[in-house]
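Those sequence lines, one after another, are chains A and B.
The first sequence begins at 1 in the numbering used here and counts up by one.
The second sequence begins at 1 in the numbering used here and counts up by one.
Be aware that one or more of the hints could be misleading.
When chains are identical, the list treats them as one kind, so a pair holds in a single copy or across two.
To be verified - Here are the simulated DMTMM-like pairs of lysine to aspartate or glutamate, each with C-alpha atoms no more than 25 Å apart in a straight line:
(1) Lys217 / Glu37
(2) Lys116 / Asp54
(3) Lys237 / Glu103
(4) Lys227 / Glu126
Keep in mind that the hints were calculated from the coordinates and are not lab data.
There are 2 protein chains.
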Amino acid sequence: MKPRLATDNVINLDLPSICADCDVREMTLCAPLDGREMRQLCGLLQRIEFADGDTILDEGEPAEHVFNVTGGVVRLFKLLADGRRTVTGFLFPGDFLGLTNHETYVSSAEALGDVKLCRFSRTKLEGLFTTVPKLEKRLLGMASNELAAAQDQMVLLGRKSAGEKIASFLLTLSDRQIARAVAPDPVLVPMTRSDIADYLGLTTETVSRTFTQLKVKGLIRLEAGGKVVLTNLDALKNLAAGT
Amino acid sequence: MKPRLATDNVINLDLPSICADCDVREMTLCAPLDGREMRQLCGLLQRIEFADGDTILDEGEPAEHVFNVTGGVVRLFKLLADGRRTVTGFLFPGDFLGLTNHETYVSSAEALGDVKLCRFSRTKLEGLFTTVPKLEKRLLGMASNELAAAQDQMVLLGRKSAGEKIASFLLTLSDRQIARAVAPDPVLVPMTRSDIADYLGLTTETVSRTFTQLKVKGLIRLEAGGKVVLTNLDALKNLAAGT
DNA sequence: CGGTTACTTGATGCATATCAAAGAGGGTGG
DNA sequence: CCACCCTCTTTGATATGCATCAAGTAACCG
Numbered sequence: 001m002k003p004r005l006a007t008d009n010v011i012n013l014d015l016p017s018i019c020a021d022c023d024v025r026e027m028t029l030c031a032p033l034d035g036r037e038m039r040q041l042c043g044l045l046q047r048i049e050f051a052d053g054d055t056i057l058d059e060g061e062p063a064e065h066v067f068n069v070t071g072g073v074v075r076l077f078k079l080l081a082d083g084r085r086t087v088t089g090f091l092f093p094g095d096f097l098g099l100t101n102h103e104t105y106v107s108s109a110e111a112l113g114d115v116k117l118c119r120f121s122r123t124k125l126e127g128l129f130t131t132v133p134k135l136e137k138r139l140l141g142m143a144s145n146e147l148a149a150a151q152d153q154m155v156l157l158g159r160k161s162a163g164e165k166i167a168s169f170l171l172t173l174s175d176r177q178i179a180r181a182v183a184p185d186p187v188l189v190p191m192t193r194s195d196i197a198d199y200l201g202l203t204t205e206t207v208s209r210t211f212t213q214l215k216v217k218g219l220i221r222l223e224a225g226g227k228v229v230l231t232n233l234d235a236l237k238n239l240a241a242g243t
Numbered sequence: 001m002k003p004r005l006a007t008d009n010v011i012n013l014d015l016p017s018i019c020a021d022c023d024v025r026e027m028t029l030c031a032p033l034d035g036r037e038m039r040q041l042c043g044l045l046q047r048i049e050f051a052d053g054d055t056i057l058d059e060g061e062p063a064e065h066v067f068n069v070t071g072g073v074v075r076l077f078k079l080l081a082d083g084r085r086t087v088t089g090f091l092f093p094g095d096f097l098g099l100t101n102h103e104t105y106v107s108s109a110e111a112l113g114d115v116k117l118c119r120f121s122r123t124k125l126e127g128l129f130t131t132v133p134k135l136e137k138r139l140l141g142m143a144s145n146e147l148a149a150a151q152d153q154m155v156l157l158g159r160k161s162a163g164e165k166i167a168s169f170l171l172t173l174s175d176r177q178i179a180r181a182v183a184p185d186p187v188l189v190p191m192t193r194s195d196i197a198d199y200l201g202l203t204t205e206t207v208s209r210t211f212t213q214l215k216v217k218g219l220i221r222l223e224a225g226g227k228v229v230l231t232n233l234d235a236l237k238n239l240a241a242g243t
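Assemble the whole structure, with the sequences as input and the hints as a guide.
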């Protein structure tokens, strides 16, 4: 809940170490920027951290900031009036948080374990668009990718069986590990069965049972610490694709 | 032959008639453009038409063009390997088609009845971004809206019952009619039960049964020509919100 | 009008939800 | 360092909402 500002008294100098040692720069908003542009952007960001379960922002609240995830995992979700929850996505280092065309956020965001973010004032970032159009182009690209992922998720939610959903989920996590230069195979699953269930339109029990079934069928192996080894990648891919 | 004052409606007279008599300009990409910019954009578009069932573009094919829908309804969909279909959206006049950050389209698009589009070369449109940054800003705004809608659809697909899905669907259609300055109440439903089913993650039978149930409960009235009268708007809204 | 496609309705089945309870970690305080 | 507690996970038994299978009916169109 209470963000800890890592930059409380820091004046941003020519080479702010805050960005110089950022290890996700190539995957974020910042990727296309040159040194001078980086300094401009870096000049208006703050680093903040959250602990497990902390609320980062709430759906419907004024969208004053946007964020880059620099460490940890963020859970995005929306609620129905009676409490039913849909997890609309999980954000990993390099992902962008808070994009909206309205005055308010469209999903809520919570920390899933310790989370590090860099935070920008939305208006200040938009102010940079005129002098650094690359930024806006980059944001459009990221939004387009999100949109494509959202459509894949619609296919998953609307037309896939529980087994196909879990298989797709694991493969997506694996692909995202590759994108972050993490080995694809032991898939790290930091979220709870309940989070997964609300992400895939299932219940925790069904998620658990389906993991066991995939294990019994020899497609995966469950290891301690939420690690999943993909023991039959081809079969998993076929299952995920609906073959 | 006319003065080129950038702020004047007179500019319309200078526009090619193809854009001058466009009745969805205020809802499309073009909304924020002034007369001179409109002429630039208009100079590189083509008007094309499709008949019912025609394929407009295919998922996976090279994304060479982007489109504005100027008339009719477009069905967007994705297929699984075994033929299962998910309708990822319906596009109405003013909607944008073909946004992607990849080399290829991410969904297929078909005409649902007669459709009129204006078509742009993707590279030429992107070329305009540098001189008309408003265009890129506008596209980002539209993409952000799409993203918000996609997340609502995830909630619908993952957590809503058949009745809640149909209610939400009808209310969304109604809202979009308002956005196009069409009366909200007789909701026009030009798509088949099968299209609706593939959009909501149901079967045609369940869609049909659910319409009948809503009719029996007095929430809607079904009329000829695919018109649906919302006879109890509050109840429908409560149902859609999950109350 | 006849053929075709879309829609509705009914009977039955099944995948997943729900209800219930027993393990399995994981952290904390004694 | 252990014992306890809390939460998460797994497994089992049962229920149910929607899918599937199967006709019949209405709408559409050449």
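Results for each hint:
no. : hint            : verdict
1   : Lys217 / Glu37  : neither (52 Å within a copy, 60 Å between copies)
2   : Lys116 / Asp54  : within (12 Å within a copy, 49 Å between copies)
3   : Lys237 / Glu103 : between (40 Å within a copy, 23 Å between copies)
4   : Lys227 / Glu126 : neither (40 Å within a copy, 43 Å between copies)
Against the hints set out earlier in the document, violations occur for numbers 1 and 4.
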